[in-house]
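The task is simple: from the sequences and hints, build the whole structure.
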Amino acid sequence: MVYSNLIRERFRHPRYRGTLEHPDAAFEDVNPLCGDRIRIECRVADGRLADARHRGDSCAICVASADVLLERAIGEPLDLASRLTAADLLERLEADVRASRIRCVTLPLTVLQGALDGREVAR
Amino acid sequence: MSGVGEACRADFPILSRVVNGWPLIYLDSAASSQKPRQVIETVSGYYERSHANVHRSIHTLGEEATDLYEGARDAVRAFVGARFREEIVFTRGTTEAINLVAQCVARTLRPGDEIIVTEMEHHSNLIPWQMACRDHGAGLKAVPVIGDGFLDMEAFGRLLSPRTRLVAAAHVSNVLGTINPVAEIVSRSHEAGALVLIDGAQGAPHLSLDLAGMGADFYTFSGHKMLGPTGVGVLYGRREVLETLEPAWGGGEMIKEVWIDHAQWNDLPWRFEPGTPPIAGAVGLRAAVEYLGKLGMERVAAHERDLTARCLDALGRIAGVTLYGPRNPEIKGAVVAFNVEGIHPHDGAALLDEKGIAVRAGHHCAQPLMKRLGIVGTLRASFSVYNTPAEVERLAEAVKGVRGAL
Chain A
614 MVYSNLIRER FRHPRYRGTL EHPDAAFEDV NPLCGDRIRI ECRVADGRLA
664 DARHRGDSCA ICVASADVLL ERAIGEPLDL ASRLTAADLL ERLEADVRAS
714 RIRCVTLPLT VLQGALDGRE VAR
Chain Z
118 MSGVGEACRA DFPILSRVVN GWPLIYLDSA ASSQKPRQVI ETVSGYYERS
168 HANVHRSIHT LGEEATDLYE GARDAVRAFV GARFREEIVF TRGTTEAINL
218 VAQCVARTLR PGDEIIVTEM EHHSNLIPWQ MACRDHGAGL KAVPVIGDGF
268 LDMEAFGRLL SPRTRLVAAA HVSNVLGTIN PVAEIVSRSH EAGALVLIDG
318 AQGAPHLSLD LAGMGADFYT FSGHKMLGPT GVGVLYGRRE VLETLEPAWG
368 GGEMIKEVWI DHAQWNDLPW RFEPGTPPIA GAVGLRAAVE YLGKLGMERV
418 AAHERDLTAR CLDALGRIAG VTLYGPRNPE IKGAVVAFNV EGIHPHDGAA
468 LLDEKGIAVR AGHHCAQPLM KRLGIVGTLR ASFSVYNTPA EVERLAEAVK
518 GVRGAL
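Protein chains in written order, with my numbering: chain A, 614 to 736; chain Z, 118 to 523.
By construction, these hints were calculated from the structure, which means they are not laboratory data.
Please read all numbers here as calculations on a predicted model, not as lab measurements.
Quick reminder that beta carbons are idealized off the backbone N, C-alpha and C, glycines included.
Straight-line distance between alpha carbons at most 25 Å, and here's what the computed SDA-like set of lysine to any residue pairs gives: (1) K472/Z to L646/A; (2) K488/Z to P645/A; (3) K488/Z to S713/A; (4) K472/Z to R621/A; (5) K472/Z to S617/A; (6) K373/Z to T225/Z; (7) K517/Z to N618/A; (8) K517/Z to V615/A; (9) K488/Z to R668/A; (10) K472/Z to R714/A; (11) K517/Z to S617/A; (12) K517/Z to R714/A; (13) K488/Z to D670/A; (14) K488/Z to V643/A.
In silico contact screen, one side only, chain Z against chain A (beta carbon under 10 Å); selected entries: (15) P462; (16) H463; (17) D470; (18) E471; (19) A478; (20) G479; (21) H480; (22) Q484; (23) I492; (24) V493; (25) A522.
Below, the structure is given as structure tokens:
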């Protein structure tokens, strides 16, 4: 089933959606297949991802993926946070995501990695 | 085959498929139509009996393949109402056809020249012009989309100038369905001394064409959107215009005589067909236009207008559904773009797919139009000869379930 209860729940009530005041790092990117855009803002402290929020205009799978990603990554050392994989997320999403939608899952991963790589200075 | 709708469904083997436990309802023909048995069997029969390379083989199969390929050109010429067979250039598709023209025209551009597109263009009729303008210092202007999805023809008049070299516009918008006033676009462009390219990817499959009467310098379309195979498309070019253009690409077949440092180009239309052309595709496209011709394009257009009207009416009654494009089916092609409140189009398409309903979702390769509409994307139902009113009703029932499904 594409839309697991977890995806539905996190789409309706995301826990990490929003913005941070004075983020240390931020990045946003677009899924060229559908035009979805997501932005992730991060606060870094003591070599760890201290806090993060996501926002954007995207589908249920992408919102849920971003939400479980940040849930998993917050509190972790930066190198671990930026090394999380699609497999980590798919397991948490409890969903049978088809190849045509896998970019919806991975877009938040590459955006978080972009932020932690410092590809864009936070605005 | 005896008619449109239910009467021709048996010709399309794929329509008997069951998808996710439901009978397939295929409402994505604007992306690519399904194929009737007549086309499938023509293509496999060609490969089983007559395949060889065209034009340069003296043996029997080579002659048969050449006859079939050139016969396809004649059939397409008749179908679109072109005057001369030299005006029909086979390409791999609409995208290649537009790029071919863009590259030919680009060579003649000078800094300060201008090309006019519209805000509703498919990326295929935008990016090639961006590239041509970028490489040659020319300017790119766009006719705005106003109201329910119409070109602002007053603004078009203001954009036209002696600097305008070419105007590129869709015959039918692949998102809004708007049938653009091509006769007016052609006449006003020609008055300004500009060439006109009409992107017919969504026109040729659905409307009766008279390209000689339309007067556009170029008209482009794809086989696979009009019941034909993938990998074949058509560039129609007015003979007197094609004769003035240097070929875009070089290779075999497009030459008459070659020396080590120069060559003499072949006659039209082969001048623009370097390399081995899409032979099977062209042969299959002939079967497709003959199939459409037997149905009658007036009847095809009337059938699809009826489905579009029913779809606009049924979806328009559902709370939370937003429709895009003209509401009047008389001035609209066979597409209905819509959104469901609170549901991302890709999620909507996935939920409809769970009911066996195939629709398109996303930006439809028209991101500037999406930006103009202020949305990321839409759902889009599109129709062909084989769709029925019952399928439109089932779509509407399923759309009611989409809202609140997540």
